[in-house]
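Participant: Chains as they are written, first to last, in our numbering: chain A, 781 to 1230; chain B, 781 to 1230.
Hints were generated in silico from the structure; no laboratory data involved. Keep in mind it's a predicted model, so treat the numbers as computed, not measured. Be a bit skeptical, because a hint or two may be false.
Repeated chains share a single entry, so a pair holds when one copy, or any two copies, can fit it.
Stated by the list, open to error - Straight line, CA to CA, 30 angstroms or less: simulated DSS-like cross-link-like pairs of lysine-lysine: (1) K855 - K1073; (2) K958 - K1168; (3) K1099 - K917; (4) K859 - K1168; (5) K996 - K958; (6) K839 - K1072; (7) K1162 - K958; (8) K839 - K1017; (9) K917 - K1115; (10) K855 - K1072.
There are 2 protein chains.
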Amino acid sequence: MERTLISSLAEHIEKEVVIKGWIDVARDQGKVIFFDLRDRTGVVQGVVFGKPEILETAKTGRVGCVVSVTGKVHKRPDKMRNDKVQNGDIELEITNLEIINTALPMPFAEDAELNLDTLLDYRPLTLRRERERAIFKIQAEILVAYRNYLNSQGFTEFQAPKLVGGDAEGGAEVFRVKYFKGVEASLATSPQLYKQIMAGVFERVYAVGPTFRAEKSATTRHLSEISMLDLEMAFIKDHTDVITLVTSLMREIVEHINDTCAKELTLLGQPLALAPQTFPVMTLREAQALIKKETGVDKTQEPDLEPEDERFLCDYANKHLHSDFVFVTHFPTSKRPFYTHIDPACPEFTRSFDLLFRGLEMCSGGQRVHKYEELVERIKSKGLDPDKFQFYLQAFKYGIPPHGGIGLGLERLTAKFCGVTNVKEATLFPRDINRIDTFTSQEQSETADL
Amino acid sequence: MERTLISSLAEHIEKEVVIKGWIDVARDQGKVIFFDLRDRTGVVQGVVFGKPEILETAKTGRVGCVVSVTGKVHKRPDKMRNDKVQNGDIELEITNLEIINTALPMPFAEDAELNLDTLLDYRPLTLRRERERAIFKIQAEILVAYRNYLNSQGFTEFQAPKLVGGDAEGGAEVFRVKYFKGVEASLATSPQLYKQIMAGVFERVYAVGPTFRAEKSATTRHLSEISMLDLEMAFIKDHTDVITLVTSLMREIVEHINDTCAKELTLLGQPLALAPQTFPVMTLREAQALIKKETGVDKTQEPDLEPEDERFLCDYANKHLHSDFVFVTHFPTSKRPFYTHIDPACPEFTRSFDLLFRGLEMCSGGQRVHKYEELVERIKSKGLDPDKFQFYLQAFKYGIPPHGGIGLGLERLTAKFCGVTNVKEATLFPRDINRIDTFTSQEQSETADL
């Protein structure tokens, strides 16, 4: 018989079905055994009663076992209904039970509070928990919304290479790779230069993929391998065109998550994100003036925001501006990469911005330099060697339009939608200074074995 | 005035518009200058005539220049119409011309035949050619179709990590990365182990991303960095369930490319792919028997297909079976990785398959081992150490369903849709033994500078 998905069982009342999935909970009451059965579409209660040969198999059915269950779908009597859970109004009378694959006793209960290291050491198991599945369902839906919106706006997706010849952007710590013939390559810290090249090809492009940062900092915000959502768009007036597009993009993502992940948001206890028609936009200096006015702390000469400033601005926007998103623009020229467009109206500042969401910087972006000579000068002014950028510079010698874009961290965005405090919880298999799946240092990995 | 996209100019007859784009062709006839103007949506002819001050600017407008053009859209007289080109029935009377960014003289003509190294050395420029844009438009649309179909079938996308602790799969050449604290990591040659873990979480999963192979072979089929489309599905009966899904997937991709890239296929001179309801499926031994019968060459004891065999089988399927796709199943257990499910009916062969498309192996797949003890034995039988797989093995200790899947090379698929002979032409920024953007060896890079 064809498998029926658990989410559609209610269409099969008083009919025989086969479901396949996992035993989530087993309650052995002697002559009756209740199971909570789960597949990718949901859960249902099944019961074995009065069938000795099935009862015998059922008694070996431990949590985690993979099963094929034949049964008849019944409406529950009204007094047995539980409207708070999926399929709370039906029950499966199990007429046959096959254990397809067994499971060892689980090392911890489904709802046990786990510390972060345990959560990650046992990732193949902990990812099966309801909370973790909710987080990565939301992550997948963020990507669906991201791509759907950009495709609708004339963007073309492209594959940015990850093995690069040098640390083109300068600055960020890079991982080194032994390439062929003794050549040392490195892992891309960003697809920046490639997406600018591609803006010269398709005007509007985006890329989704890993970037790599040899960050020595072990914070709740940092990873060695980050999934970045990058986009770049040509024929812009200035950075405000990018802000307008990113606002629409974020509103689409919020709406899509609300539509497709209502159950997951409820499970995670997260409210819908506030995403008004336009998001608050303030310059760095305006933001700092606001901080000074509201808190008395004077940071008006600082070249950047600190994490506490980002939290303050988001709290403020949430309370007073009905927005969980805030754009901060005009970071100092000295603090932004060479390709950032200077604002001619105030040359010590750039046409750049950060997007903050629920207290965290999510995304950096801005307009880029598009004049060849200016770009060469800017490369030099950062102490970098234009000769190392010859490949990239071709795009600028032969006519590139004014353009700008963003890089958006998928894990940070996911974390803030899900209300998790550490970005590693919003990463399936996080890598950091201490960890590649399990601890990388020997003594730790010996104690962390399974 | 708002920018009008070139593809919608025909809706603005006798109206004033602003278009933005590139000068593709400039024909200076003294008092009249004709331009072919291009944006991401197409081309149109513009003409400057009888306006001395505009003519002066227009004379500086070289091929490649980025321009903003104000003009009035006219229907062409019937005798001037060219129905073979886009907008061949209209012309833009240019009333203002602004050169937004200049371009150096192009190093080669738009339609010049370039050798592969020149094509790749000048990638930021050559990607702007019509042929190259067609190839990567098709590549982007393959991905749209791939994701749309899998999303519609209950698959969840996930991000597979690329920095891995060791060469888990064994065999393939891996790139080494200096990680933190003297630890050596490597670059993933496949997301295989992670997608199996994820099949235990969401049942049906897919991942799109780079994989890395330190292949010393410099062939038309090999790259150091490959964009892989991976999928894995649980609760399968055997590999034939995967074959069924992949058949539908490929048919969807073919249909989507035909629908969205007709212009590009015509430009590339490529016929529609033959993708019948079911694709031919033959075992390796059956395929070899066919080769022997048809060609007289006896390869019936060989453990794998060679490139010439793949070409023969595809030619045969195209001519006699009306299919550009062929599945070959049951490769020897000795030649397939440890996770490949053995066929109990013939244990020296596996429930594995390759999908050939137009003469090239596109994709490998099959059912995987899902029993913990068997998997540990298989790891040992390949001379590998199960202790190194403890993280992965968790998924199997705690109940994983029968599952299988595929890995599909995006560049190979693109190349075969586009009829290009070298997979590097279907890669935006190909990396191989000699090249990361430009040649990696010093003497070559000195001559290859721009």
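Participant: If a hint holds in the structure, say so; if it does not, say that too.
Facilitator: Taking the hints in turn, this is what the structure says about them:
For the homomeric pair K855 and K1073, neither the shortest alpha-carbon distance inside one copy (62 angstroms) nor that between copies (61 angstroms) is at most 30 angstroms. Within a single copy, K958 and K1168 get their C-alpha atoms as close as 19 angstroms, and across copies as close as 23 angstroms, so both meet the 30 angstroms cut-off. For the identical chains of this complex, K1099 and K917 are intra-copy neighbours only, at 29 angstroms inside a copy versus 45 angstroms across copies, given an alpha-carbon limit of 30 angstroms. Taking CA atoms no more than 30 angstroms apart as the test, K859 paired with K1168 passes in neither setting, with 74 angstroms inside one copy and 53 angstroms between copies.
Taking the shortest Cα distances, K996 and K958 sit within 30 angstroms of each other both inside one copy (21 angstroms) and across copies (13 angstroms). Taking the shortest alpha-carbon separations for K839 and K1072, neither the intra-copy value of 66 angstroms nor the inter-copy value of 55 angstroms comes in at or below 30 angstroms. Taking identical chains as interchangeable, the C-alpha atoms of K1162 and K958 lie at most 30 angstroms apart whether they share a chain (27 angstroms) or sit on different chains (26 angstroms). For the identical chains of this complex, K839 and K1017 are inter-copy neighbours only, at 25 angstroms across copies versus 69 angstroms inside a copy, given an alpha-carbon limit of 30 angstroms.
With identical chains, the CA atoms of K917 and K1115 are never at most 30 angstroms apart, being 36 angstroms at best within one copy and 36 angstroms at best between copies. For the homomeric pair K855 and K1072, neither the shortest alpha-carbon distance inside one copy (62 angstroms) nor that between copies (61 angstroms) is at most 30 angstroms.
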